[in-house]
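Asker: Those protein sequence lines, which keep their order, are chains A and B.
Residues 0 to 293 in numbering that gives the first Met the number 0 are what the first sequence lists, from first letter to last.
Residues 0 to 828 in numbering that gives the first Met the number 0 are what the second sequence lists, from first letter to last.
None of these hints come from the bench; they were simulated from the model.
In this text, a Cβ means the ideal position worked out from N, Cα and C, and glycines have one as well.
It is possible that some hints are incorrect.
Sample of chain B residues facing chain A (criterion: CB under 10 Å; computed from the structure) [unchecked claim]:
1. Tyr49
2. Lys351
3. Pro724
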Amino acid sequence: MSNGVLQIKAMSGHAGTVPGANTSRDYEVAKLIDVTTCIGCKACEVACLEWNGYPFRETQFDNTYQTMPDLAWNYYNLIRFDEHTTPEGTFQWLMRKDGCLHCAEPGCMMACPADGAIVQYANGIVDFNQENCIGCQYCVTGCPFNIPKFNAETKKVHKCTLCSDRVGAGLEPACVKACPTGCLHFGSKEDMLDLAEKRVDQLKEHTAHKNAGVYNPAGVGGTHVMYVLHDATNPEAYGGLPKDPKIPLLVRIWKGPLKWLGNFAMAGGVVAAFAHFMKFGPKKEHGGEEHADD
Amino acid sequence: MTNGWIDIGNTDLMLIMGGNPAENHPCGFKWAMEAKRNRNAKIIVVDPRYTRTAATSDLFLQIRAGADIAFLGGLIHHAIETGAIATEYVVNYTNASFLIDERFNLPEDGLYSGFDEASKTYDRSTWNYQASSKAPAGPGPAALPPNVAFDPTLEDPRCVFQLLKKHYSRYTPQLVESITGIPKADFLKAAELFCSVRKNGDMKKVATIVYAVGWTHHTFGTQIIRAAAILQLLSGNVGRAGGGVNALRGHSNIQGATDVAGIFDNLPGYLKVPNPTDKDFDAWMTRITPKSSKPGEWDSWNYWSNTPRFAVSLMKSFYGDAATKENGWGFDYLPKVDRNYSWTSIWDEMYKGKVKGVVAFGMNAVAIGPNSHKTIDALKKADWLAVCEIYPDETSEFWKSPGITTEEMKSIQTEVYRLPGAGFAEKDGTFVNSARWLQWKWAAVPPPGLAKLDQEILARIFLRIRELYKAEGGTFPDPILNATWNYTTPHNPSLAEVAKELNGRALADVEDKATNTTMKPGQQLPGFSWLRDDGSTACGNWIWCGSWTEAGALSQRRGTEDPSGLGAFPNWGWSWPMNRRVLYNRASCDPSGKPWDPDRKQIWWNEAAKKWVGNDVPDFKADSAPQDHMGPFIMNPDGVGRLFAPLTAFADGPFPEFYEPMESPVTNALHPLRSQNPVVKKFTTAMDKYGTPAEGYTVVCTTYRLTEHYHYWTKNNPMSVQLVPEPFVEIPAELADELKIRGGEMIKVSSARSSFTAKAMVTRRIKPMLIGGKKTYQIGIPIHGGFRGIQEDAGRIIKQLTNNLSPTAVDPNAFTPEFKGFLVKVERV
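I would like the entire structure built from these sequences, with the hints used as guidance.
Answerer: So, in structure tokens, the structure goes:
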């Protein structure tokens, strides 16, 4: 489905610009998070909760401005706060909006055995369909970014949907709409990459951030949520963003070369069961008739 | 703001100090980010803590809370020393060249000339310009000379520039380091960066200075802002797109509250209130209407010379037909302000039993003022308290504040009335933002239950009081009986009607000879140039005249055209005065009327049309040709920006001088014997205690707000509570190590007044500093806790107010309390 089908072009009785009117969504979409202009205000956290209708929770003070230690099944969007000193001795307070990166080669989807529990749309959004989820949590193992979170009550796994419901209707994700500084951008992957590279060039030329770079890791085929980092050589400083994320080897082997083996084994099992039936007939219940003979 | 939010996007450099806009103004801070993205603008942040704003900065300097004047004085010194000043601007648009009275002395020993030790006030008559002719001064109070002696070469040792230079020559980088704790090398980095916009006097680039209550919350707050203004005038940054001195207002309508006189010594539109020395209306006008004072060769519009037009129109708006020329436009009806009625004085007087009741409307009195225990004790002595709020707040429940026993509660006789008010989304009307823009908003939902709109609550109280006066007479019923109340629904006036009243209308035929047009009685006036002092116009607030004209509510406009690309958006809302987006914009041009920067053209002189034209409304006399040399600062009687603020402009000096906070860890490095601001008086009740380092109070404490919370409201909002669930104290990691405290452990912070116990947030964002060679720690506490809220009610956090700690000590000009930079001690619990 083209993302542009339901894109709003004009609105009645609405003063000012039409939200999202000039954003191309014809092809692959992407969210760009320019960490260098993020102020950690958490408007994205709140917008995410409100759009997804999740309740507020009790949190605990944990010696940080960060709302809580990690994402949760009903908390898709968390700004991670880190105090960091660069090798040159400059102190920094890093704020990175954490959440699903919507990989082009999603480890979660690769690991998932449940039919249709994880889908990847043509526009690049990776979405979980909880009705098909069997709660095995293989996706958690498959994700190199530690994103999917399990709801122990419903036995389903959840994560950021990149607001696939909004994007499908031609709107930007809720977090992007709420961002006051414009550090969040949304549009085609091509446009976002272009914007990111221009910003990186600007940072290198006009600021002290000579190692600025785009985080769009090749190990997962690139992502549909990208970052501009002050120092792309040290993504770990930003709340443990992996430097060279890869889908875990076990998942790759299991779901790649070993997959035919598994299928073969499964087919073999069926064949063996049939042979067993032909040879020994149906399995008998113990007791019952035999006891009747007594 | 001299400029506006969007205009920050036009800047080349931001000095952000005394404010944390990323934290407290995140939406407006977008424009700072735009300036970075679109103009490669640089940000310098100077703050006691590494803040959210600092996280986006190019250069961060940690300053001791309260040392701002030392830092800014150092910048002024650096700018003069390195020639990074806008000479042509300074000579023509400031009073740099004006000569000063020979009797005036700089405060080498901490005192300007004229100090009276007994009253702790200055006789400010020597803080004056020299007259060009040596005619003896007439009788009566000292006044500015109509003809000022001046030296455009700026070489006369008595000219303002030379005195300024001498004054700030003491603010060397070494002194800055010793007072502020900012290492000399770091200070020089900031100074070089700030002065880079005026390198070799080149006028193209512009820097803005952005501040908030981090500058006002001091016993010298006004002078910090003065220092910023001086720096910006020397740099030629005032009046220009991307420049200015920009106060970020903390609440959505605090600017509007100020404009309509939420201050005891003002009437709407910043008219000065009458006092008991004013015998009649004319005497009042004579006292408050300034007379032009300038070099003979120059011109000055002296716009405040129109004061009587604004004042008479205001009186007509207040009292209608009852305001006549014969009764001095109802002058006797106005209260005469006989003493200080600012915040701390009101509570001090209530504490002393003089003030018997208070209406707390839309503010949580016991939480927002300093020294909360004193406020609470004062309320215990009051006869009555009426609180209009949307939640049951600490003020309406002061009688059960922590520490009050059940027995004591029974003895508190204060009658408390709770009035259920309406929240911001339940009301229409205008917000005036920091950029002076009046923007109309429409109610989203009606007030719930029995809650009523503010205007209905006020109107019902007023009408009942008037009925009582009508029925019973009383001492002086006239002001109440004669007040105009011409609303369609008297008990619930529509805010559209109020807004129209504030704009003003013609009461008789009013003619404008220049355009040969006439306004008919009842017609809405198009602007304040139409206001008259003969009673033919009524206007509730002259600076808002032009906001609701015959064309309708300009505050409701939502035009998104921006032809200049400078973010002026002339058809969006309406800004006072007369939709001017950048104040003093005449100064955006050189003396001949050409923009300093052709890429950011605001206004310019059109020789063919013989008038000022451009992308903004000229904040100037439209037909005053450049050769007339009229000063761009039209609200000053001298027409120029004041490096030297003469006579009674400020209580504590014509130049800002660094003084230590009321409680400080060291004595003043400039003049140890005059450590504090000499005109600041201590309060004297038993509740007013001030701590010293000798008593163990050695840690500098500052208080502030978080982006996740809105004052004391959002502790009732689960969303905000979730984001920051409990109060905390931010302390440097080194202090934590000394006290053997880890993050999350409880600590007790004590001042001379009270104590505050909360979890420690141990951070490297605050570092220990060397002040006067002594290792000094700073800590910080957000203000948002209290004893009524989700967490408080559930018993999950300690019930207490941050302002239990802060002292009752106020700025001598604006009377703002010193919430920042007081002394405490820190212990583990």
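Asker: Double-check B/Tyr49 for me: the hint is only fine if its C-beta lies closer than 10 Å to a C-beta in chain A.
Answerer: With a closest approach of 6 Å, the B/Tyr49 hint holds.
Asker: Return the status of the interface hint for B/Lys351: holds when the least beta-carbon distance to chain A is below 10 Å, violated otherwise.
Answerer: At about 40 Å, which exceeds the 10 Å cut-off, the nearest Cβ of chain A leaves the hint on B/Lys351 violated.
Asker: Checking hints one by one. Is B/Pro724 an interface residue toward chain A, by the C-beta closer than 10 Å rule?
Answerer: holds (5 Å)
Consistency with the previously given hints fails for number 2 only.
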